[in-house]
Amino acid sequence: MSYRPAAQAGELVVTDAVIFDMDGTLCDVSSIEHFVEGENRNFDAFHGAAIDCPPHLHVVEAVTQAREAGNAIVIVTARSAKWRDYTIMWLDKYDIGFDHLYMRIEADFRPDYVVKADILKAIKKDGFEPTRAWDDNPKVIALWRENGIDVTEVRAGVPIRTDGEAGFNDF
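FYI, this note's numbering numbers position 131 of the sequence shown as 140, with every residue one higher than the one before it.
Heads up, some of the hints might be wrong.
With a straight-line cut-off of 30 angstroms between C-alpha atoms, the simulated DSS-like cross-links for lysine-lysine are [as the list claims (entries may be wrong)]:
id: 1; residue 1: 91; residue 2: 134
id: 2; residue 1: 102; residue 2: 91
id: 3; residue 1: 102; residue 2: 133
id: 4; residue 1: 148; residue 2: 133
id: 5; residue 1: 148; residue 2: 130
id: 6; residue 1: 91; residue 2: 148
id: 7; residue 1: 148; residue 2: 134
id: 8; residue 1: 91; residue 2: 130
id: 9; residue 1: 91; residue 2: 133
Hint data in this document are derived by calculation from the structure and do not stem from the laboratory.
Sequences and hints are given; from them, build the entire structure.
Spelled out as structure tokens, the structure:
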């Protein structure tokens, strides 16, 4: 966790933050994607197996660089909240520090980009000002951009395109 100065009563301290998606961005889920392809998608099997997936090292390095540049690290995932403990265990396993983890509430079956639009409101309410997001989902990438957040698009954990003045690893 990073240090956030205490606010005066009723005052919100705003902290620049970088958003990182989990599956397909931080976590290399390529070996378990078969669980969620086709008509018989099994998200419980997918998320249960994700604990054994490796990280995408380029993205883990970006987390470190964002933190060193003074940004809060905000993990945003469409995983159900019932997978919170597994998600935190995975992040701890790879020593990926974060300031806040936002997840889909249980029994919410809306599309991920709709869920993440609501999560973005919560992020801002909690005093984080996202300046960049790292994501692999085109619909979620569009959501971040529509809200004025620069995006680094990743495929297989490798940055393929970045918005704004920053390079792939500049914050």
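Hint-by-hint comparison with the structure:
| no. | hint | verdict |
| --- | --- | --- |
| 1 | 91 / 134 | holds, 23 angstroms |
| 2 | 102 / 91 | holds, 19 angstroms |
| 3 | 102 / 133 | holds, 28 angstroms |
| 4 | 148 / 133 | holds, 20 angstroms |
| 5 | 148 / 130 | holds, 17 angstroms |
| 6 | 91 / 148 | holds, 24 angstroms |
| 7 | 148 / 134 | holds, 23 angstroms |
| 8 | 91 / 130 | holds, 21 angstroms |
| 9 | 91 / 133 | holds, 23 angstroms |
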